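**Q** Okay, here's what each chain looks like letter by letter:
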Amino acid sequence: MNTIIPVENHGVLAALRGFLKRLLDEKIVEALLVPLTHGGSVSPALVTNSAMLDEADPLMPIMPINTARAVSALTGKKAPTKLGVVLRSCEIRALVELVKLQQATLDDVTLIGIDCAGTCELDEFLTSNSWNNESLAAYLSAAHDGIEPEIKPALRVACQMCVRPAPENVDIHIHLFGADTTVVLPMTVKDEIAEKLHLTEAVQGEAWSVESSRVATAQLIGIRQKVRESELSSIRAKMNSNGGVAGMFSSCVRCHNCMTACPICYCKTCLFKTAAFDHEPDYYLNATHRKGATRMLGDTLLFQLTRMNHMSASCVSCGACTSACPANIPVGSIFSAVAEKVQAAFEYEAGHDVAEALPLITFHPNEWTEVGEEK
Amino acid sequence: MTNSPRVGVYICHCGINIAATVDVHAVTDYAARLPNVVIARNYTYMCSDPGQALIKNDIAEHNLNRIVVASCSPRMHEPTFRAVIEEAGLNPYCLDMANIREQCSWVHPAGTMTTEKAMQLVESAVAKATRLEPLQTRQVSITPSAVVVGGGISGMQSALDLADAGFDVTIVEHAAQLGGHAAQFYKTFPTLEPAGLLVHELIDRVTTHPHINLMSEAEVTDVSGYVGNFNVRVKRNEEMTNVPAGAIIVATGFETFDPHRKPELGYGKYPQVMTTLEFEQVFNRQSQIVNPKSIVFIQCVGSRDQAIGCGDGKPQTNAYCSRVCCMVTAKQARLVREQFPNADVTVFYMDVRAFGKGFEEFYDQAREDGVMYRRGNPSEILKRGERVVVRAEDTLLGEQVEVEADLVVLAVGIKPRANSEAVAQLFKLSRSGDGFFMEAHPKLRPVETSMAGVFLAGCCQSPKDIADSISQARAAASAAMIPLMRGIVQVDAATSYIDEELCAGCGQCAAVCSFSALSLHPVRGKMTVNAALCQGCGSCALACPSKAIMVHQSTFEQVMSQVSALADWNRLSLPVEAEAV
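Heads up: the sequence lines are chains A and B, in that order.
Heads up, my numbering is the position in the first sequence plus 1109, with the first residue counted as 1.
Heads up, my numbering is the position in the second sequence plus 12, with the first residue counted as 1.
Isolated chain A, as found in the complex (with noise of 0.2 Å):
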């Protein structure tokens, strides 16, 4: 059902706040994950009082973690209670990934997805100190046009560049795209939830229509579409140009921040933190004596190659990978470079649907034909 929350002087954000109240003392969910503010900044936290939600702000432009990795740890195999999780549409496609992963679940979890304008470099955003009313004000009216928003500091790489930023397949779309949120905060509700809330069906208008939010949807996946297509070509270049794939992560500090921010990256212990490819000290040498010289230590490329083969039909291309590199490599685009050719081969849209099988682990006997020996 579709259902308008009106928007009073206080703002949106107070009417956000009061909706996913409702949602708490109405026993919707037990518990209700979404961000809350401290020190100027937000971080993802589980509530329970209602009172607390006075310090939620789903609408502040960071991401400073994945919020589906918390999923994961509050829901495992299964969810202790009823919960609700406020989410990104990359946090929610990491979700499903998981999902499909057996790392987290859905029963028992109400989805809760908000269009989303985008979000900056988390470093930026605090050294800048300039988020305001003002700034929130902007923000909203560009996500109302269906434009990019001229905010400072810019937006991440990985959101000028994101496709679907509409979350796909969830319980209540809380639409930010075509509405003006001066005076209507619109979503999309399951027909129960609705029920249980006493929702009306929103009367469709000047402020916000199913037709308003498409076509502003439309307008910004087509201008972000055009950067997607510059910035993975220009990556697909360098990587196909003399350094190669090598050259991009020559100055991977093997840090493995990437794999940490990785929503995706769920094994207990990477492989690469354990001694499986540790050497003794002589193999080193010995390997030199072929090669002439040996990069030291060895297996930052093999590293990456790994994760690349581990992460690349799963990759929903939320760029905190990127975010997270110390050395400033672009680490997201990459992996999206690479990823939208693995599933495109398999027809797979990573983070879509729960219901779509993970392709590496699905056999089809007649699959990739022509990859085969010639008959």
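In short, the hints are calculated from the structure, not lab data.
Because the structure is a prediction, the values reported are computed rather than measured.
Hints should not be assumed to be uniformly reliable.
[As the list claims (entries may be wrong)] As a list, the in silico DSSO-like pairs of lysine-lysine whose alpha-carbon atoms are at most 27 Å apart:
#1 B/559 - A/1187
#2 B/440 - B/538
#3 A/1450 - A/1335
#4 A/1186 - B/559
#5 A/1377 - A/1187
#6 B/395 - A/1186
#7 A/1377 - A/1186
#8 A/1382 - B/369
#9 B/538 - A/1377
#10 B/538 - A/1187
#11 A/1305 - A/1347
#12 A/1130 - A/1187
#13 A/1299 - A/1187
#14 A/1130 - A/1305
#15 A/1186 - A/1136
#16 A/1299 - A/1136
#17 A/1191 - B/440
#18 A/1377 - A/1191
#19 A/1377 - B/559
#20 A/1400 - A/1347
#21 A/1335 - A/1347
#22 A/1186 - A/1382
#23 B/538 - A/1382
#24 A/1305 - A/1187
#25 A/1347 - A/1450
#26 B/559 - B/538
#27 A/1191 - A/1136
Following the hints, position chain B against chain A.
**A** Frame of chain A; chain B shown alone:
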């Protein structure tokens, strides 16, 4: 004893199979120089008694604790050499084999490169051998009963042998009657006995046997468990039954080729054209043909034919010989001559394959009886008045011929049943390119499958006549009796194992496991291995992103050591440290 590896390397000539292309003496010298190798030898046949004695003596004399045999595929002789070193007091898993025959001498020409490849394979095996750990096999007690799927002659014979040996057997048959195709035959070749007598004797014995439980009009819907302890779910009249079994014999039979797929032969269009199977019924009823003047038999309909597919969705050709049609035709031709002595009987054939005992004599008799054999593959069958005309090129005379006929009999081939893929998935069987179920080894393990405890009998494995079907049925019953009579099964120790610290319970390993050996522990949230089901194939280890599941005998460290030995291989020029004999 296992801490410092002392490796013995044994290079087999395999007669001239290896020695003709690989310089086995050079490989022996090379192996002797490798680290941790104490002794390297070569011998004509390592698998022979004197060859085995060499290994046993060295283990005692040189205190060896790891053995590498460079010879044929481990599928051939790994059990042999494991037994050898076990007799000499070593753990049987302290063995590795380098396959320098199938993977080297047989596929490369003689020369330095082939010899160097053998060296590499040996070096790689030695690298792994130094890291091998002793493993303990486990024993599991078994359910002393069997399930036979299919109540044709093969299934019935297997069931009777098992039941006569004292084991309870359940036969699951989809039809209402036992007997399968054989019940439709009139007389058998080459003895011309009434087939009905043979089949009904079997049916009588099966239905009255105290150890046989017959479930007709029933089908298997699910199979779980492992050799010794399967659980077979059977559906009958909407009712599900769980049948425990120690062994399973699959004897699901065949279908005949559908001659509609060769429209030029006019089957279904002209009533005069029928199949050999339908013709058997004509004899049984003896009513349908009235004084025919000319009868034509056409061989190889749907066999040895590259042009047609198998018809079950796979783009296959029935390139194989169905093995029975030549003799079925000879038999029917003789019976026709006997019954209608004035009729002309013509057989069109490509080659006559009369390979079995008494077959050639039977075929000769058919020709002596006046059956006309013409070599040629008919191109079409036409209607002319009340009769049909078979048009063909007689390739021996090199001329076009037309034979008018009152009756044309098509010797239709044997093909896999349409539900073969579903049955294969149910029992986790492989299928060969022709669509029949695949045996574990074409020569050495003809009735076993890649699934331990599941055996094959009859035409589901390949086309066979009654005698061969009975032979295979009795062989399958004997093979099935091995675990049943032993009462326990040895569980191979080279199975996968979980590192629970690392396992995130993502289940990717379970998704790729063909043997259903992996499941998520409901409480611990980690994967668990059913070692009795695991066949040690290693797919799981490949699927796991964090090395939380590995396979004994192919651990990460062992495999990486092999890769390292092979990568950028340079022929070592080390001083001789060990004895090369």
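**Q** If a hint holds in the structure, say so; if it does not, say that too.
**A** How the hints compare with the structure:
1. Restraint check for residue 559 of chain B and residue 1187 of chain A: satisfied, since their Cα atoms lie roughly 25 Å apart, inside the 27 Å limit.
2. Note on residue 440 of chain B and residue 538 of chain B: the hinted pairing holds, with a Cα-Cα distance of about 25 Å set against a maximum of 27 Å.
3. Under the criterion of a C-alpha separation no larger than 27 Å, the hint pairing residue 1450 of chain A with residue 1335 of chain A is consistent with the structure, at around 17 Å.
4. With a CA separation close to 21 Å, the supplied pair residue 1186 of chain A and residue 559 of chain B stays within the 27 Å bound.
5. Proposed proximity of residue 1377 of chain A and residue 1187 of chain A is supported: the alpha carbons are some 18 Å apart, at most 27 Å.
6. The suggested pairing of residue 395 of chain B with residue 1186 of chain A is violated, with an alpha-carbon distance near 71 Å, which exceeds 27 Å.
7. Of the pairs offered as hints, the one joining residue 1377 of chain A and residue 1186 of chain A holds, with about 15 Å between alpha carbons and a cut-off of 27 Å not exceeded.
8. Between the alpha carbons of residue 1382 of chain A and residue 369 of chain B the distance comes to roughly 67 Å, so the proposed pair goes past 27 Å and is violated.
9. Annotation: proposed proximity of residue 538 of chain B to residue 1377 of chain A holds, straight-line Cα distance about 11 Å (limit 27 Å).
10. The suggested pairing of residue 538 of chain B with residue 1187 of chain A holds, with an alpha-carbon distance near 14 Å, which does not exceed 27 Å.
11. Taking the CA atoms of residue 1305 of chain A and residue 1347 of chain A, the gap is about 54 Å. The hint is violated against a cut of 27 Å.
12. Proposed proximity of residue 1130 of chain A and residue 1187 of chain A is supported: the alpha carbons are some 25 Å apart, at most 27 Å.
13. Between residue 1299 of chain A and residue 1187 of chain A the CA atoms are separated by roughly 22 Å; this keeps the pair inside 27 Å, and the hint holds.
14. This hinted pair checks out: residue 1130 of chain A and residue 1305 of chain A have alpha carbons roughly 14 Å apart, not beyond 27 Å.
15. Simply put, residue 1186 of chain A and residue 1136 of chain A have alpha-carbon atoms about 23 Å apart, close enough for the 27 Å limit, and the pair holds.
16. Between residue 1299 of chain A and residue 1136 of chain A the alpha-carbon distance is near 16 Å, which keeps this suggested pair within the 27 Å criterion.
17. A hinted pair counts as satisfied when its Cα atoms are at most 27 Å apart, and residue 1191 of chain A with residue 440 of chain B does not qualify at roughly 41 Å.
18. Our distance criterion of 27 Å between C-alpha atoms is met by residue 1377 of chain A and residue 1191 of chain A, whose separation comes to about 26 Å.
19. With a CA separation close to 10 Å, the supplied pair residue 1377 of chain A and residue 559 of chain B stays within the 27 Å bound.
20. Straight-line distance between C-alpha atoms of residue 1400 of chain A and residue 1347 of chain A comes to about 25 Å, which keeps the hinted pair within the 27 Å bound.
21. For the given pair, residue 1335 of chain A sits about 19 Å from residue 1347 of chain A by alpha-carbon distance, which is consistent with the 27 Å threshold.
22. Between residue 1186 of chain A and residue 1382 of chain A the CA atoms are separated by roughly 25 Å; this keeps the pair inside 27 Å, and the hint holds.
23. Proximity of residue 538 of chain B to residue 1382 of chain A is assessed by CA-CA distance (about 20 Å); at most 27 Å being required, the pair is judged to hold.
24. Restraint check: the Cα-Cα separation between residue 1305 of chain A and residue 1187 of chain A comes to about 24 Å, which is no more than 27 Å; the hinted pair holds.
25. Straight-line distance between C-alpha atoms of residue 1347 of chain A and residue 1450 of chain A comes to about 16 Å, which keeps the hinted pair within the 27 Å bound.
26. With a C-alpha separation of about 13 Å, the suggested pair residue 559 of chain B and residue 538 of chain B falls inside the 27 Å cut-off, and the hint holds.
27. About 9 Å separates the Cα atoms of residue 1191 of chain A and residue 1136 of chain A, which keeps this hinted pair within 27 Å; it holds.
Violation of the numbered hints given earlier is confined to hints 6, 8, 11 and 17; the remaining hints are satisfied by the structure.
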